[in-house]
Every structure is written in C-alpha cells, then in structure tokens.
Amino acid sequence: MIGLLMRDLRLAVRAGGGFGLSLAFLLIVTVLVPFGVGPSGPTLALIAPGILWVGALLSCLLSLDRVLATDWEDGSLELLATSPLPLEALVAVKALAHWLTTGLPLTIAAPILAVLLNLPGPGYPWLIASLAVGTPALSMIGTFGAALTVGLKRGGLLLSLLVLPLYVPTLIFGADTVRRAVEGLAPGTSLVLLAGITAGSIAVLPFAASAALRVNLR
Amino acid sequence: MTTALLEVTDLVCSRGGLTVFEGVHLTVGSGQVVVLRGPNGSGKTTLLRAIAGLQSPVRGQIKCEPESIAYAAHIDGTKATLTVAENLQFWAALFGAGSIDRAVEAFDLKELLSRPARTLSAGQKRRVGLARLLVTDRPIWALDEPTVSLDEASVALFAKAVEMHLASGGGAIIATHTDLGLQGETLDISQFRSSASMGGAFDEAFT
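Chains Y and E, in that order, give the protein sequences.
The opening residue of the first sequence carries number -17 in our numbering; numbering runs sequentially from there.
The opening residue of the second sequence carries number 32 in our numbering; numbering runs sequentially from there.
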C-alpha cells in the first residue's frame, strides 16, 4: 500500500502529473474575483468564505480525472486489480494520494489567498480547520465519481456532473463554519457536521467505489 | 501425473451480451504450458481475463489457488514518467517480492534501468511489462499476446524465461500467434465457438 502511495505521489510531481495545478487554479480564482466584484472591502469580506470554498471545490475537481483514468489508459488498473491489494484499499490509497497532492496544499495556501479576499481576522483559524476537515471528503467522493466513470472515453465532464451535486453538503457546512466564525457565532456545530460528512464518506465510499470499479473492469 | 495448478471446467463466457465460447475444458499442471490459438475474436483474451478474475464467467468453474495468477494484457501498465527501475520496484513492492535483479537479468534490462519508460521503444516497453511477471512470484502466468513487438532475440529471452518458470514448478497459459518453441499442449479456442447468442441479455443500457 505504501508502495502504491509513493508511486502516485511520485507520478503527481513528475511532468504532467498535475501537482500544483489545483493550487494555481485557486490562486487565479481568488485573484479574479476582486476584479469582477470590485475592490470594495466589505463586499469581499462578505463573500470570501463562499468564494474560497467554491474555489477549493472546483480545483479539487480539476485533478479528479487523473485519479483512475490514467491507470486505466495504460492498463495498470487491470494489473492492480489482479494484485494482492484489495480494491477497497486501492481506492482508499488513491483518494489519500489525491488529498495529499490537492487538499493538503489547498489547506496550507488558503490563508494566504484569503488575504486577497479581505477575509476578516477571526475567520482564518476556522478556514484552515474547515478545509483540513472537509477536503478529505472531496477527495473520497471524487474518487468514487472517478471509479464510476473510469471506462468512459472523455469521461471528465460526466464526472463533474456526477460529483458536484455530491459536494453540496461539504460546501454548505465548510463555508458555514467560516461564515459563523467571521460573524462572531459559534462555528463548532458546522465543523462537527463537516467532520461527520468526511467520516461517513471515508467509511462507506471505498466499498462503493470498488464495487463500481469491479463493474467497469469487467 | 503432475499436480494441477489451474483447472477450467465447462466454462462459458460472454462479451457484450454475446456468448463467445462455451464448454471450454483445460488443465494447467505444474511445469506445463498451454498455448491458446484461434483467429481474432475467438475469445482468447476473454478466456484469459476470466482466468485472471477480471471477468465473471456465465457458467462453469475456474479452480486455482487464490492469488496465484499473474496476468499480462495487451498493454503493459508501465508508467511513462517513471524510470524502468521505479516501475519494476513498484510492482515488486506491491506483490511482496524482494528484489528485481532476477527480472532485470532475464529480460536484459540493465542498461535501461535509469531511463524513463516514455523514452523506450515498443519492444523495450514490452520487455519491461514481461519482466513484471518475474517480480510477482506467482505460479501461473496468464499471458495475452506476450510477443507483440518483440524482436527475435527478445522472443528467445522470453521463451527462456517461460522455460525457467516452468522448470521451477510454475505453469503458463499463453495466447500467441508466434511459435515460441515450447513443449506444451496447444488449444484451438475456435472449436468452442458458441452456436447461439444469448439473446436479449444485454449488459449495457446505452450503446
């Protein structure tokens, strides 16, 4: 399992692997929004939590078609399926590798990008906390979507259509955590619900994703 | 009589709703090789995929020890941006085999080890794909057209690797059109061609 994780991380940082792509995407989104909305501080502060979370969501989506599709194209997915590693573990490791190359860098970079959107001071610790807790769910749900569409040529668009609605609860509670913190309310409840979604996805989706993979590999 | 590593009885497989073959019987014993022959579309790949567990048969039984099949398909599963050594080490780690030295030696890959797989020729890539079989440490090899794009010298290397595998008590089932000079049974799969289609049993909703 560690071998597979190391291979996926190594592939992500090599040419065309897509590491940093999602980070650059989030940077561009946060730079573009003030151009579109105008430089008014209070307006930006109001929409900052939502923009940062929607941006994180979309940049996660950007790299999902690499999670399983490249392994499918070069035949290694079939060989992995016949290896001693159970498919459930394979899917979980793939999701973990995706999180380490997208979710984790996003969590680390988000406070810096939040400055561009004039996020009020109390929001920062909760922005980091909500992203750290919520992005694993994005990777896990996304890997499930990738498993559903793995055999399809140009399945990227269908993947987005399948995955984005499933991201809604994470988005609601993630952005809500930050918004409550900014408004001086208790953000703990939203964060706990967010953690619940993440825990639920990690518990259930590896099995669902491996079942989908079995059907698609047949 | 050698012990049977793999036993296939009365196997029926379908592909895209059509029965490809029916009533296939075959046995691969320790030290034995079965060469599959047959025209395109006669079901060689389907049979090998069913044996590897990637496809469930419609009827019939495939008996073998769990996790004893090493499968190699048309495409090798080498990662273009990883070096040859990294590719092989990954498979060795995954299958729990220690060293890649034996595989490197058997397929003469020493000089290619530090090259990224994308810079290899088709035949060299194939050799890396076949070397993967040696790091899996599994007793039965199920190989689909292993000699495609190999030159004569590499085919000889491959035949030698198969002979060594058989001599160490393994078995192999190989779909191929080239003559490898191996002593073994030849099975023409076209004799099992299905007489009727399954009729109406579509497994895809939209095609």
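Calculated from the structure, these hints are not laboratory results.
Quick caveat, the model's predicted, so the values are computed rather than measured.
Do not take every clue at face value.
Cross-link-like lysine to any residue pairs, in silico, SDA-like; alpha carbons within 20 Å at most [to be verified]: (1) E:Lys94 - Y:Lys135; (2) Y:Lys135 - E:Leu213; (3) Y:Lys135 - Y:Pro66.
In silico contact screen, one side only, chain E against chain Y (beta carbon under 10 Å); selected entries [unchecked claim]: (4) Thr50; (5) Ile106; (6) Gly108.
From the three backbone atoms N, C-alpha and C, an ideal C-beta is built for every residue, glycine too.
Quick rundown of the hints versus the structure:
1. E:Lys94 - Y:Lys135: Given that 20 Å is the threshold and the Cα spacing comes to 34 Å, the pair is violated.
2. Y:Lys135 - E:Leu213: Not satisfied, since the Cα-Cα distance of roughly 39 Å exceeds 20 Å.
3. Y:Lys135 - Y:Pro66: Violated, because 28 Å separates the two Cα atoms, which is more than 20 Å.
4. Thr50: violated, 15 Å
5. Ile106: holds, 3 Å
6. Gly108: With a minimum Cβ separation of about 3 Å from chain Y (threshold 10 Å), the hint on E:Gly108 holds.
The structure fails to meet hints 1, 2, 3 and 4 from the earlier list, while all remaining hints are met.
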